[in-house]
Each structure stands twice: as structure tokens, then as C-alpha cells.
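Enquirer: These are the residues of each chain, in order.
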Amino acid sequence: MKKLRVIAGAIAASLPALALAGYDVNIPAPKTPISMQIYGLHMEILWVCLAIFVVVFGVMFYSLFAHRKSKGAVAANFHENHLVEVIWTLIPFVILAVIAFPATRTVLAMKDASNPDMTIKVTAYQWKWQYDYLNDGVKLYATLSTPRDQIGSPEEHGKITNEHYLLETDNNVVVPVGKKIRLLITANDVIHGWYVPQLGVNQYGIPGFIKDTWFQANEAGIYRGQCSQICGKEHGYMPIVVEAKSPEDYAAWVKEQKAKQAEAAQPADKVSMADTTAR
Amino acid sequence: MNASLADRNALLARKLIIIACVMGCFGLALVPFYRQICEATGISQSRVVAQTASGSIDPTRDVTVEFVASNSNGLGWTFEALNPIVQVHPGVVTTVRYRVVNNTGRKVIAQAVPSYAPSLAAPYFKKLKCFCFDQQTFAPGEARDMQVVFVVEPDLPTDISRISLSYTFFDITAEAGGKG
Amino acid sequence: MEAAHAHAHDDHHHAPAGIGRYFTTTNHKDIGSMYMWFSLIMFFVGGFMALVIRAELFQPGIQIVNPDVFNQLTTIHALVMIFGAVMPAFVGYANWQIPLMVGASDMAFARMNNWSFWLMPPAAALLVGSFLVPGGAAGSGWTLYPPLSIQGGISVDMTILAVHIMGASSIMGSINIITTILNMRAPGMTLMRMPMFVWTWLITAYLLIAVMPVLAGAVTMLLTDRHFGTHFFNAAGGGDPTMFMHIFWFFGHPEVYIMILPAFGIISHIIPTFARKPLFGYASMVYATASIALLSFIVWGHHMFTVGMPAAGNLFFMYATMLIAVPTGVKVFNWIATLWKGSITFETPMLFAIGFVSLFTIGGFSGLVLAVTPVDITLHNTYYVVAHFHYVLFSGAIFSIMGGAYYWLPKWTGHMYDETLGKVHFWLTAISFNITFFPQHFLGLAGMPRRIPDYAPQFTEFNQISSIGAFLLGFSQLLFLYVVIKCIRGGVKAEAKAWEGAEGLEWTVPSPAPYHTFETPPAFH
Chain P
4 MKKLRVIAGA
14 IAASLPALAL
24 AGYDVNIPAP
34 KTPISMQIYG
44 LHMEILWVCL
54 AIFVVVFGVM
64 FYSLFAHRKS
74 KGAVAANFHE
84 NHLVEVIWTL
94 IPFVILAVIA
104 FPATRTVLAM
114 KDASNPDMTI
124 KVTAYQWKWQ
134 YDYLNDGVKL
144 YATLSTPRDQ
154 IGSPEEHGKI
164 TNEHYLLETD
174 NNVVVPVGKK
184 IRLLITANDV
194 IHGWYVPQLG
204 VNQYGIPGFI
214 KDTWFQANEA
224 GIYRGQCSQI
234 CGKEHGYMPI
244 VVEAKSPEDY
254 AAWVKEQKAK
264 QAEAAQPADK
274 VSMADTTAR
Chain S
102 MNASLADRNA
112 LLARKLIIIA
122 CVMGCFGLAL
132 VPFYRQICEA
142 TGISQSRVVA
152 QTASGSIDPT
162 RDVTVEFVAS
172 NSNGLGWTFE
182 ALNPIVQVHP
192 GVVTTVRYRV
202 VNNTGRKVIA
212 QAVPSYAPSL
222 AAPYFKKLKC
232 FCFDQQTFAP
242 GEARDMQVVF
252 VVEPDLPTDI
262 SRISLSYTFF
272 DITAEAGGKG
Chain V
35 MEAAHAHAHD
45 DHHHAPAGIG
55 RYFTTTNHKD
65 IGSMYMWFSL
75 IMFFVGGFMA
85 LVIRAELFQP
95 GIQIVNPDVF
105 NQLTTIHALV
115 MIFGAVMPAF
125 VGYANWQIPL
135 MVGASDMAFA
145 RMNNWSFWLM
155 PPAAALLVGS
165 FLVPGGAAGS
175 GWTLYPPLSI
185 QGGISVDMTI
195 LAVHIMGASS
205 IMGSINIITT
215 ILNMRAPGMT
225 LMRMPMFVWT
235 WLITAYLLIA
245 VMPVLAGAVT
255 MLLTDRHFGT
265 HFFNAAGGGD
275 PTMFMHIFWF
285 FGHPEVYIMI
295 LPAFGIISHI
305 IPTFARKPLF
315 GYASMVYATA
325 SIALLSFIVW
335 GHHMFTVGMP
345 AAGNLFFMYA
355 TMLIAVPTGV
365 KVFNWIATLW
375 KGSITFETPM
385 LFAIGFVSLF
395 TIGGFSGLVL
405 AVTPVDITLH
415 NTYYVVAHFH
425 YVLFSGAIFS
435 IMGGAYYWLP
445 KWTGHMYDET
455 LGKVHFWLTA
465 ISFNITFFPQ
475 HFLGLAGMPR
485 RIPDYAPQFT
495 EFNQISSIGA
505 FLLGFSQLLF
515 LYVVIKCIRG
525 GVKAEAKAWE
535 GAEGLEWTVP
545 SPAPYHTFET
555 PPAFH
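These protein sequence lines map, in sequence, to chains P, S and V. According to the working numbering, the residues represented by the first sequence are 4 to 282, in order. According to the working numbering, the residues represented by the second sequence are 102 to 281, in order. According to the working numbering, the residues represented by the third sequence are 35 to 559, in order.
Misleading hints may appear alongside valid ones.
One-sided and incomplete, this derived list gives chain P residues near chain V with beta-carbon spacing under 8 Å [stated by the list, open to error]:
1. D27
2. N29
3. F60
4. G61
5. S66
6. A79
7. K114
8. G196
9. Q206
10. Y207
11. Q229
12. K236
13. H238
For lysine-lysine, the following DSS-like pairs were computed, each having C-alpha atoms within a straight-line distance of at most 25 Å [said to hold, decoys possible]:
14. P:K72 <-> V:K457
15. P:K74 <-> V:K531
16. V:K531 <-> V:K457
If the Cβ cut is set under 10 Å, some of the chain V residues that face chain P in the computed set are [stated by the list, open to error]:
17. D102
18. N268
19. M279
20. A324
21. T340
22. V366
These aren't lab readings, by the way, just hints derived from the structure by calculation. Yeah, the Cβ is synthetic: ideal placement off N, Cα and C, and Gly gets one too.
Whenever a hint applies, use it, and build me the whole structure from the sequences.
Expert: Shown next, in the form of C-alpha cells:
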């Protein structure tokens with residue numbers, strides 16, 4: 004199976020067209036309205052670029068083949084043609100406008116975090132995430148749950164047993180499917196990036212500032228991402244795992260979390276809070 | 102001929118050095134320039150003085166205001182918004198509270214920094230009273246409730262129906278203590 | 035300016051003997067050679083770091099370096115390659131070629147020229163030496179974003195100092211280059227008749243003078259934030275880390291063009307030579323270069339689509355960035371039109387030029403993909419970006435540097451290089467380059483972030499392909515070193531006009547170019 008993927012990868016590397024066949028070599032399956040638009044935009048631009056590439060380099064390689072000195076080609080002596088130059092300056096404008104129009108629509112949609120169904124505040128730390136559900140009162144921390152001894156030990160490499168090595172957390176962020184979730188992202192110490200490709204979100208958290216963004220998962224599932232901005236030693240070890248559940252399951256989860264929180268309540272709650280933020 | 106070339110070269114070099122210096126100043130001038138832009142667009146607000154409300158009230162509109170609290174610089178204490186979500190009519194003066202419990206076991210001088218999302222709402226959000234206007238000193242173990250008195254201006258663009266206001270407390274004990 | 039008076043030659047003989055001459059030399063050819071050797075050494079130093087990075091990334095898990103050292107390697111690899119390899123290489127070309135191309139006897143400020151070179155080795159020593167200080171080198175990425183760079187140790191200060199010194203060197207070099215070009219051209223060489231390489235360097239030098247002081251300002255503010263209690267980038271005191279990003283990229287994006295415009299210039303000489311046909315659209319090439327330079331000042335925000343700018347900001351930077359595709363496209367079209375109906379041969383410089391045009395264009399396309407804000411959101415800081423900038427910087431800048439080396443080596447050394455080995459070097463480089471960097475597009479699309487020492491298992495295959503390619507690519511460059519040394523030590527005697535289709539004043543002087551050339555300005559037709 005692994006070998007097959009290597010071969011598939013090699014073929015894909017040589018034939019960009021094949022790259023579109025599977026998700027392994029493309030943007031992962033989009034699961035929100037925005038990430039679906041992103042996926043579509045990327046496809047559109049990719050095809051436009053491929054078409055330009057084929058045409059332009061078709062001409063170049065034809066010329067390299069046909070106008071070789073070894074074939075007896077004699078050099079012409081033209082060195083300008085205003086009409087041609089004006090045309091090939093104008094055509095790119097048209098192509099760019101065709102790309103820019105849908106892109107503008109997506110930018111405006113992406114930036115419109117108004118009228119959300121719920122708000123989650125995300126705080127990044129070196130090196131973990133804190134999530135505060137403003138509407139439901141749930142608070143949780145998410146840290147990497149891949150065992151540390153598995154990461155550091157050379158004898159283990161090559162036989163990593165966890166399917167989701169480095170992409171798993173002790174507490175997943177649970178959200179209801181079909182609801183507009185607004186995120187308020189900030190950081191405690193340095194800049195981090197909350198990045199989940201399938202949800203179409205990549206937003207820096209900047210200490211002292213909150214930045215809002217949003218997503219709306221349209222399908223239940225587990226979506227994985229990582230910190231996208233270098234934040235020190237363990238930048239590679241602060242994954243993000245979002246679990247989208249049906250609204251009923253979400254409500255049940257909230258209840259369960261609240262029960263847990265009440266159980267763990269004062270004074271232990273405050274101590275653990277102080278512990279974790281003091282780092 | 103040669104001398105005149107040397108002179109011309111020196112003159113040009115002087116001009117180029119001036120360009121380099123001007124660009125250096127431009128780089129530094131980006132700081133106040135950036136602050137102006139941020140003030141105008143609301144990305145950050147250095148205005149730490151009380152503002153005044155314009156007075157009119159729009160009872161037909163409801164705006165949701167969310168208050169969030171963050172710590173920075175490894176400030177290990179409890180800081181929370183006591184009224185995390187409030188509904189207001191634009192123009193109505195409203196008071197919300199934040200609570201700090203200084204469970205760090207030492208005296209802490211801290212400064213709260215406000216930030217808005219969406220940032221475009223910031224110019225329409227007027228703070229009449231706020232703990233972020235001044236540095237705050239907390240004795241070890243002290244618990245204190247603090248007020249924010251605010252009003253959302255009625256000319257808030259209609260596409261904004263929800264404003265988040267975040268306060269991040271920064272521990273400035275070392276610097277503030279040093280100054281006395 | 036006092037250097038201007040020192041311009042009168044100390045000696046009218048041939049090159050003085052002994053290695054000591056290099057410390058005091060004011061000869062543009064000596065200084066050009068020193069820049070190039072410096073650049074080649076730094077290229078191997080940076081390349082070594084890249085191979086350690088790729089070796090670590092050969093499989094998941096931590097095998098060779100710990101995550102701290104990994105971050106330091108990625109940071110210093112970038113700084114060494116940008117400030118130590120690519121920029122000095124182009125300054126080396128400028129030193130050797132600009133006086134020869136415009137028919138000047140030397141650079142305008144020969145003494146200052148020496149100083150600007152000798153600032154480089156101490157700066158490089160600071161940069162590379164920072165690995166040895168407690169805490170290791172700076173590990174915040176070459177962009178030095180605060181607050182992470184505020185957290186770093188003394189190595190960050192060393193890096194800042196190195197950047198200051200190299201910036202000063204660049205500004206001095208640029209003043210020299212602009213003055214030489216504007217004041218010392220052969221009679222009859224009007225601006226619009228200058229060789230393309232001279233034009234691109236003129237514009238590049240202005241870019242350098244415009245943005246290097248801005249970078250100096252940004253890193254100085256970083257320094258005062260670190261040590262003198264200022265709050266430029268700290269929200270607690272009314273600052274903003276985002277402001278550093280704005281100032282840094284205001285420098286950073288023109289910097290990208292500083293590293294590619296001279297490459298455009300070199301390619302614009304190689305292609306006409308081996309197509310035996312004049313450059314198509316000379317005037318539009320000049321205008322395209324100038325528009326790229328101007329546009330470079332208003333596109334910096336495309337590095338910051340994920341900081342949460344308002345929609346208007348995102349849209350502005352997206353449109354401006356997309357516009358750059360127009361003048362860049364004009365250049366590519368002009369090169370292809372130059373090839374059209376030429377009489378083409380495929381010597382090594384030409385192979386590198388064709389490789390440049392094809393592969394740089396792939397980098398241009400991925401640049402267009404990244405310019406579109408929503409797509410950038412999903413690709414920002416992933417390996418797609420890594421692939422993109424290596425396509426423009428390796429198969430762009432470095433291909434042109436190597437092609438240019440093969441092109442002008444006969445003029446510099448008086449010998450033809452080994453054509454067979456040169457071609458082998460090209461094919462090894464081009465193939466292994468693609469093996470290394472093409473799969474990184476897929477890694478990025480699949481969501482693998484950059485600057486991580488360890489990764490999830492689904493990224494393994496492409497990383498392995500990439501690492502194998504990287505080692506092939508790295509070791510292929512030893513062949514380049516061998517070809518250069520072999521060429522210096524001997525070979526077929528090169529004629530004054532080493533290439534059949536070559537045009538320009540540099541081909542009117544003997545090969546190797548004598549120690550002093552054009553002491554009386556040549557006639558230019």
C-alpha cells in the first residue's frame with residue numbers, strides 16, 4: 004500500500020493532471036461553504052495556469068525544436084512588434100479579472116463573521132490551545148496526545164503505530180454541524196496560527212489582540228490541523244482537532260463537559276488555571 | 102575631465118545617501134503612521150481617556166456585545182468577564198464588570214489592553230469609564246471587580262450586529278516598579 | 035566620497051602578486067571575484083544546513099536534530115542563502131560586469147567597493163557563529179517576528195547586527211553601482227541603449243537603497259524592544275506585533291525582486307546570445323522591470339493575509355499582487371519571442387536560461403495561486419509556499435547565477451569550461467531540483483505546515499522523495515565547484531568574443547579580461 008502511494012506520488016509528480024485525481028495530492032476534501040469556494044477557486048486557477056503553461060511553453064519548445072542551428076535554422080533579425088506586445092500585455096489583464104471576480108466574492112464572504120450561532124474564544128499558548136465557549140460556558144485545553152516517548156525515540160521511527168500521530172489532542176473542540184461558529188482568536192505569549200484546512204480557516208492569534216473568523220461545518224466528522232506560525236520549540240506539536248457533531252450530540256457533550264467542570268470545580272479549578280497559564 | 106567626474110560622482114553619491122536616510126526615516130515614520138491607520142480602522146486603540154457619548158438612543162436596534170478576558174506574559178491569575186454577553190440598544194449607557202483574582206502570591210501591576218472584533222466597530226464603541234485607562238495594582242490575594250461603562254453609537258453600520266471586546270492583561274510589574 | 039578621490043589608480047601594472055592584495059584591492063575584478071567566492075562558500079554552508087533539515091525530515095519522528103536546532107537551521111539557512119549567497123553573487127556580477135558592459139575603467143568609488151565587500155565576512159561569521167553561543171542561533175524564522183524573536187537569546191542580537199552590517203554593505207554597493215551606471219557610461223551609450231543586465235541592476239540598486247534602511251529600522255526597533263524597554267511591538271505598551279510584519283514585509287517584498295531582477299538581466303543576455311538574435315522588446319523589458327519594482331512596494335500585505343486585516347486590505351493586496359503577473363508575463367513572452375526564429379544552440383548557459391524560464395514560470399504560477407487571498411488562507415505557511423519560493427529563488431535566482439557563471443567564465447578566466455561536465459551539472463541540477471521541490475507542492479496542498487521538524491505519517495512519501503532529491507541536488511553542486519576550478523586552472527583558450535552570438539562591450543576586450551580595462555572610454559555604436 005505504501006509502495007503504491009510512492010508510485011502514485013511519482014506519477015502525480017510528473018503529470019500534474021493526474022494530481023487532481025485524489026485528495027492526497029490536493030487540498031483535503033472541503034467541509035464548509037468557504038473551504039468549498041477555496042477549493043473551487045484553486046481548481047479554477049490551476050486549470051488556467053495549466054492552459055497558459057501548455058500554450059506558452061508549447062510555443063517555446065516548438066521554437067527550441069524547430070529553430071535549432073543544428074537543423075540549419077538561420078536567425079531572423081526582428082526585435083519588436085508593438086501590436087503583439089500590446090496584445091500580450093492586455094490578455095493577462097482579462098485572465099486576472101476572470102480570477103479576481105469570484106475571489107473577491109469569497110474574500111467578502113470569508114470576512115463576514117456576523118450573525119453567528121455561537122462564539123468560541125481560542126487562546127494559543129506555547130504550546131497548546133485553550134477554548135472558551137462563550138455561549139455554553141465550556142472551557143477546555145487541548146494539548147498533543149501522541150505519547151512523547153514515541154516522538155523522540157529513534158528506534159520507534161518507521162513503525163509509528165498511531166494512525167493520527169501528531170494530529171491528535173487530549174480534548175477535541177466539539178462543534179455542532181450546520182451552525183455558524185465564530186472564532187475569536189488570540190494568543191498568550193507569541194504569535195500562533197489556528198489552521199484547519201478542511202474548515203477553510205487559517206488565522207493568526209496575536210498577543211493582546213482578538214481577530215475573528217468563522218466556519219460552518221456542513222458534515223459531521225473529525226477535522227485536523229496544526230499551528231501555522233512558527234512559535235518556538237514545539238511549534239510542530241500543537242495540533243488542532245475539531246469534532247463536528249449533530250446538534251443533539253453537541254448538546255449532550257456540553258452537558259457532560261459542564262458536569263465534569265462542576266465536579267472539578269473550586270478550588271482545584273483555579274489552581275489548575277493558574278498552573279497552566281503561568282508557564 | 103577626471104576631476105569633474107569625481108565631483109559628479111560625489112554629488113550623486115550624496116543624493117543617494119540622502120535617499121537612503123529619507124527611507125530610513127520613512128521606516129521609522131511607519132510607526133506613527135501605522136498607529137493612525139489602526140486608530141482610524143479600530144485595529145487598536147491607544148486612546149486611554151474617557152470618551153463621551155453623542156446622546157441619542159436608537160431603541161429599534163439590538164446589538165450584542167461580547168466581553169472576553171485574556172492574560173498575557175504568563176500572568177497566572179484569574180481574570181474573567183462577569184457579564185460575558187449583553188444586549189444593548191445603541192446609545193444606551195451600559196455597565197459591565199470584570200473580575201480579577203490575584204492568586205499569584207505577589208503584588209502585580211498590570212495594564213489591560215482592549216481589542217475589538219470586528220475592528221471596524223471600534224470607532225463606534227465609546228468607553229466612558231474603563232479599568233484599562235490606568236495601570237492597576239493588585240495586592241497578593243486581592244479580588245477586585247472593575248467596571249466598564251460604555252455606549253455603542255447609533256451610527257454603528259447596520260451590518261454589524263455583534264461586537265466583541267477583549268481585554269488582555271499584561272504584567273508590567275517589572276517596568277512600572279522600576280519607574281517607582 | 036573620499037573614495038572618489040582615491041579613484042586615481044594606485045598602480046598601473048598588472049595584478050599585484052600575493053594573497054595580501056585582496057585585503058586592499060580596489061580593482062572591480064578582484065572584488066567581483068571575492069564576492070563570488072564568498073557567495074559560493076555561503077551557498078555550500080546554507081546548502082549543508084538544508085541537507086540537515088532534509089535528513090531530519092526524511093521520516094517522521096526526531097532523529098538527527100532536536101526541534102530547537104531544527105528551527106535554528108531553517109532560520110539561518112534562509113538568512114545565509116538570501117544575504118550570504120544570492121545577494122553577494124549578484125553584487126559580484128555587478129562588480130565584474132557593469133564596468134565592462136558600460137565601458138568604465140572601474141567602479142565609481144573603488145575604495146568603498148573594497149569596504150562593502152569586507153563588511154560581508156564578519157557579518158557572515160556573526161550569523162553562522164551564532165550557532166555556537168549559549169541557546170544556539172536565532173530560531174524564530176528568518177522573518178524574526180516578535181514576540182518570538184524577543185524571547186530569543188544573544189544570538190538574536192548577533193543576527194540583528196549581521197543584518198545591519200549586510201544592509202550597510204548593500205547600500206554602499208548600490209551607491210557605487212548607481213553612480214557607475216549613471217556617470218561612467220561610454221560616450222554614446224544612452225540609458226535606453228544600456229545592456230539589459232545594467233538596467234536591471236540600476237533598478238535593483240534603487241530598490242536596495244529604498245528598502246534596506248527600512249529593514250534596518252525594523253530590526254533596530256526589535257533590538258530596543260529587547261533591551262531598552264521600548265514597546266514598538268508589545269501590546270502592553272501600546273505597540274503591535276502586526277506592525278513589525280508590515281514594516282518587515284515592506285522591506286521583504288522588494289527584497290524578493292532584488293533577488294530576481296538581476297537574474298532577469300542575466301537571462302536577457304544569455305538567450306539572445308545562443309538564439310543569435312537580438313533581445314525582443316528591449317524597451318518593454320525595461321518598462322516591465324521598472325513596473326515590477328514599483329509594484330513591489332504595494333504588495334507586502336500578501337504575506338499577511340492570515341493576520342486578520344479588514345476585507346478592504348485583503349482585496350487591495352490581492353489585486354496589486356495579481357497585477358505583478360502582467361509585467362512578469364511580458365518578460366517571459368519577450369524571451370520566448372527572442373527564441374522564435376532564432377538559430378538556437380544549447381550550450382550550458384543556454385540550458386540554464388531555458389531551465390530558468392520554464393521553472394521560474396512554475397514559481398510564477400504558484401505565486402498567482404498564492405496571490406488569491408482565499409486560496410492563500412489554506413496554503414499560507416505550508417510547504418506549498420516553500421515550494422513556491424524555491425522555484426523562484428533556486429530555479430530563478432540561482433539558475434541565472436549558474437548560467438551567468440558558465441556564460442562569463444571564459445571572459446573571467448580566459449578558458450572555456452568543460453562543456454560536457456557543464457551539461458551534466460545542468461541536468462543533474464534541474465532534475466534533482468524538481469525531485470526536491472515539486473512534491474512539496476503536494477505536501478502543502480495536503481496541509482503540511484512549514485518549519486516543523488516532525489510530521490504526520492501521511493506526509494511521509496513526498497518528504498522522502500524530496501529529501502532524496504535534496505541530497506542529489508546538494509552533491510551535484512560539488513560538480514559545479516569542480517568545473518569552475520578546472521576552468522580557472524586551464525582549458526581551451528577563450529577568444530575575446532567567446533560566443534558566436536555574444537554582443538556587448540565586454541566581448542571586445544581580450545579573454546581573460548586584463549586587470550585594467552577601458553582606461554580610455556571605448557567607442558559605443
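Enquirer: Which of the listed hints are not met by the structure?
Expert: Of the numbered hints given earlier, those the structure breaks are 4, 20, listed in rising order.
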